[in-house]
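Participant: Sequence:
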Amino acid sequence: MSISAYDLSIPTFQRGFAVLSKLLDKAEALAEEKKFKPEVLVNARLAPDMLSLAGQIQRLSDTAKGAAARLTGTEAPSFPDDEVTLADLRARIDKTTAYLASLPESAYAGAEERDVVLKTRQQEVHFTGKDYLLTYAIPNFYFHLTTAYAILRHNGVAVGKLDFLGRT
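Numbering of the sequence shown is given in numbering that gives the first Met the number 0, commencing with residue 0 and proceeding in unit increments.
It should be emphasised that the hints constitute simulated quantities derived from the structure, not laboratory data.
As the structure is a computational prediction, the values presented were derived from the model and not from experiment.
Possibly wrong hints are sitting among the right ones.
Listed below are the simulated DSS-like cross-link pairs for lysine-lysine, each with C-alpha atoms no more than 25 angstroms apart in a straight line [what the hints assert, rightly or not]:
#1 Lys34 to Lys21
#2 Lys94 to Lys21
#3 Lys33 to Lys160
#4 Lys33 to Lys21
#5 Lys25 to Lys36
#6 Lys36 to Lys21
#7 Lys25 to Lys94
#8 Lys21 to Lys160
#9 Lys129 to Lys118
#10 Lys25 to Lys160
Given only the sequences and the hints, what does the whole structure look like? Please build it.
Facilitator: Set out below in structure tokens:
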């Protein structure tokens with residue numbers, strides 16, 4: 000059985016954003032129930048040197064749209080990192096998933112062998128599309144999704160493993 004880069008990436012990213020949206024529903028419900036401003040959660044973080052919930056969602060967005068663009072040889076849209084409310088974060092999720100949906104599956108033809116170059120502050124890292132997706136993009140996506148989940152859980156949002164898995 001062969002699985003394409005499209006099959007590995009786009010449904011994975013779309014499902015992750017759907018799970019995240021449900022987690023944000025629970026976050027809003029907690030804020031309403033406990034009568035606090037939801038922006039407290041937007042700025043929450045697990046440790047002082049880690050990104051806030053907003054930062055985690057921004058990186059999720061950047062990872063997904065960057066992967067789609069690199070795998071299709073196209074340019075990803077640029078979104079400013081200016082979200083300050085849960086509604087702003089939902090809008091970013093919506094823009095990201097709309098972008099992912101805008102690229103046809105046929106655009107991923109040959110993506111597994113495409114040369115992908117990541118430019119970091121220190122160097123350029125070269126991958127095949129397959130290696131980029133499996134060893135960088137998907138793990139990075141799940142790191143930020145897991146951290147967003149953990150921030151919400153740490154701050155009292157009633158979420159569990161089944162919420163993360165999206166089976167509820």
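Participant: What are the numbers of the hints the structure violates, in ascending order?
Facilitator: Hints that this structure does not satisfy do not exist here, as all of them hold.
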